[in-house]
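Student: What the first sequence shows, in our numbering, is residues 1 to 424, in sequence order.
Hints may be right or wrong, so weigh each one.
What the hints assert, rightly or not - Calculated cross-link-like contacts (lysine-lysine; reagent style DSS-like; alpha-carbon spacing at most 30 Å):
#1 Lys26 with Lys116
#2 Lys275 with Lys336
#3 Lys211 with Lys34
#4 Lys415 with Lys316
#5 Lys232 with Lys413
#6 Lys227 with Lys275
#7 Lys380 with Lys347
#8 Lys400 with Lys352
#9 Lys116 with Lys275
#10 Lys336 with Lys316
#11 Lys227 with Lys109
#12 Lys390 with Lys380
#13 Lys153 with Lys275
#14 Lys390 with Lys316
#15 Lys336 with Lys347
Keep in mind the hints are simulated off the structure, nothing from the lab.
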Amino acid sequence: MSSELFADLEWRGLLAQTTDRDSLIKELKSAPTKFYIGFDPTAPSLHVGNLVVILVMRRFQLAGHLPIALVGGATGLVGDPSGRNEERTLNDESVVLEWVGNIKNQLSKFLDFDTKQNPAVMANNLVWTKPVSALEFLRDIGKHFSVNQMLAKDSVASRLESGGISYTEFSYQVLQAFDYLELYRRDNCKLQLGGSDQWGNIVAGLDLIRKVEGGSAHAFTIPLMAKSDGSKFGKTAGGSVWLDPEMTSPYAFYQFWFNTEDADVEKYLKVFSFKDRSEIERLIETVKTNPGAREAQRELARELTSMVHGADESAKVEAASSALFGQGELNLLDEKTLAAALSQLPKVSISKNEAFPTWVDLLAATGVVDSKSAARRIVKENGAYLNNEKISGEDFAPTKEHLIHGRFLVLRKGKRDLASVEVI
RNA sequence: GGCGGGUUGCCCGAGCGGCCAAUGGGAGGGGACUGUAAAUCCCCCGGCUCUGCCUUCGAAGGUUCAAAUCCUUCACCCGCCA
Numbered sequence: 001m002s003s004e005l006f007a008d009l010e011w012r013g014l015l016a017q018t019t020d021r022d023s024l025i026k027e028l029k030s031a032p033t034k035f036y037i038g039f040d041p042t043a044p045s046l047h048v049g050n051l052v053v054i055l056v057m058r059r060f061q062l063a064g065h066l067p068i069a070l071v072g073g074a075t076g077l078v079g080d081p082s083g084r085n086e087e088r089t090l091n092d093e094s095v096v097l098e099w100v101g102n103i104k105n106q107l108s109k110f111l112d113f114d115t116k117q118n119p120a121v122m123a124n125n126l127v128w129t130k131p132v133s134a135l136e137f138l139r140d141i142g143k144h145f146s147v148n149q150m151l152a153k154d155s156v157a158s159r160l161e162s163g164g165i166s167y168t169e170f171s172y173q174v175l176q177a178f179d180y181l182e183l184y185r186r187d188n189c190k191l192q193l194g195g196s197d198q199w200g201n202i203v204a205g206l207d208l209i210r211k212v213e214g215g216s217a218h219a220f221t222i223p224l225m226a227k228s229d230g231s232k233f234g235k236t237a238g239g240s241v242w243l244d245p246e247m248t249s250p251y252a253f254y255q256f257w258f259n260t261e262d263a264d265v266e267k268y269l270k271v272f273s274f275k276d277r278s279e280i281e282r283l284i285e286t287v288k289t290n291p292g293a294r295e296a297q298r299e300l301a302r303e304l305t306s307m308v309h310g311a312d313e314s315a316k317v318e319a320a321s322s323a324l325f326g327q328g329e330l331n332l333l334d335e336k337t338l339a340a341a342l343s344q345l346p347k348v349s350i351s352k353n354e355a356f357p358t359w360v361d362l363l364a365a366t367g368v369v370d371s372k373s374a375a376r377r378i379v380k381e382n383g384a385y386l387n388n389e390k391i392s393g394e395d396f397a398p399t400k401e402h403l404i405h406g407r408f409l410v411l412r413k414g415k416r417d418l419a420s421v422e423v424i
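Sequences and hints are given; from them, build the entire structure.
Tutor: This is how it looks when you write it as structure tokens:
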């Protein structure tokens with residue numbers, strides 16, 4: 001079972017580094033193993049980048065192991081220097097507390113907390129970190145750390161190069177090591193997973209466990225997601241793609257996956273999809289044989305949107321997408337279908353008693369552009385469309401004649417940035 | 001605490017009294033070509049009541065007809081010394 005898990009993870013490209021491979025496999029094989037991943041509350045929501053690691057967690061649970069989802073109520077107050085070239089700004093405790101709650105909710109969608117055999121559990125490192133006094137911490141934990149080694153860690157060394165590091169963030173690795181020690185003691189947690197940038201922090205925990213408890217535990221890291229063109233995964237023009245539907249609409253979420261470029265879709269399927277291997281291989285084949293159909297992208301978008309926002313919501317946004325990107329004959333769509341599709345888009349309402357604003361104003365009002373200047377620019381550059389038809393002229397204002405079903409206008413910027421106007 | 005260097009638009013980075021909304025690169029946006037893809041080529045990229053006006057060059061004051069550019073104070077960062 002566990003060697004299968006390992007082989008599968010390797011095939012999917014999800015293995016960066018582990019501690020001694022054979023003994024880890026042996027450990028996993030011998031019994032269901034408790035393992036943990038930490039998530040620091042650095043934002044109000046998790047984003048698609050976090051999904052990589054979350055789904056590996058799920059794969060471990062499906063293989064019979066016991067996940068501990070650790071939310072960094074304490075570490076989130078301090079700030080992880082890994083992968084950053086400058087100091088984080090500290091967030092208020094109340095803010096971090098709120099984010100902890102959000103993240104817990106989101107994590108709960110991906111793990112099974114109710115199964116009898118190997119239920120997932122949630123933990124918060126604030127529970128064991130807060131009661132420890134600074135003096136205790138320095139004496140009991142700090143004594144086991146060599147500053148020489150701490151300085152040698154990538155996360156610290158690179159910061160010494162770039163902009164320096166505060167004592168606060170320098171201490172982060174000690175806190176994370178303490179987490180691992182605590183989970184090892186309390187729950188016999190033997191494995192920590194994380195992004196490959198976490199290697200140093202995880203290893204610090206292993207050292208601490210060895211020194212304090214004489215025990216041995218394991219580390220497993222996952223490669224950081226990289227796009228084929230070198231740009232950062234999980235970002236769109238609007239910023240990060242969040243799991244929170246208030247921050248990234250399910251429609252935008254679906255579109256994010258649907259627009260995956262061919263060069264990346266194989267990787268994404270392997271990393272994010274739970275389809276079996278033969279199905280994934282079939283989809284990869286379709287990218288070569290019939291790329292225009294985008295079957296692989298569609299399946300990917302459908303699966304991920306369902307997983308994060310539910311099957312119903314996924315079906316809705318998929319229907320909206322195909323309606324809006326279909327034939328271009330929007331007025332042929334029946335009113336109900338169109339209304340449903342438009343409800344997924346940014347929307348602005350205007351009163352039927354007032355004169356229609358210019359469409360420059362409307363574009364700006366819907367938020368598809370940042371400002372009126374930007375709206376003017378788009379119009380000037382021939383990138384603005386009304387009801388899928390290209391129109392030019394900054395002063396153009398829609399009239400009743402343009403309304404579809406007497407209520408709707410569909411505005412578009414560029415190829416795929418849509419918004420709706422409803423007259424009420 | 002002392003001395004020196006720095007803080008410029010989303011990011012990096014020029015500018016060092018008027019010709020500066022501010023060179024260049026990256027990111028981003030639009031068009032053409034396509035498949036809601038990539039690559040490529042062209043264009044754009046502070047805001048607005050847009051042939052002009054307004055607000056930006058760490059913050060607040062000051063000098064000057066005129067300041068991102070000079071002076072003063074403050075904040076933060078970096079280096080060396082204590």
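Student: A separate judgement is required for each hint: does it hold in the structure or not?
Tutor: These are the hints, each one checked on the structure:
1. Lys26 with Lys116: The hint holds at about 24 Å.
2. Lys275 with Lys336: Violated: lysine 275 and lysine 336 sit about 33 Å apart, past 30 Å.
3. Lys211 with Lys34: 21 Å, holds
4. Lys415 with Lys316: 21 Å, holds
5. Lys232 with Lys413: OK: lysine 232 and lysine 413 at ~24 Å, within 30 Å.
6. Lys227 with Lys275: Holds, at roughly 21 Å.
7. Lys380 with Lys347: 23 Å, holds
8. Lys400 with Lys352: 9 Å, holds
9. Lys116 with Lys275: 24 Å, holds
10. Lys336 with Lys316: 12 Å, holds
11. Lys227 with Lys109: Between lysine 227 and lysine 109 the Cα gap is close to 26 Å, so the pair holds against 30 Å.
12. Lys390 with Lys380: 11 Å, holds
13. Lys153 with Lys275: Not satisfied, since the Cα-Cα distance of roughly 38 Å exceeds 30 Å.
14. Lys390 with Lys316: 27 Å, holds
15. Lys336 with Lys347: 16 Å, holds
Hint check: violations occur at hints 2 and 13; the rest are consistent with the structure.
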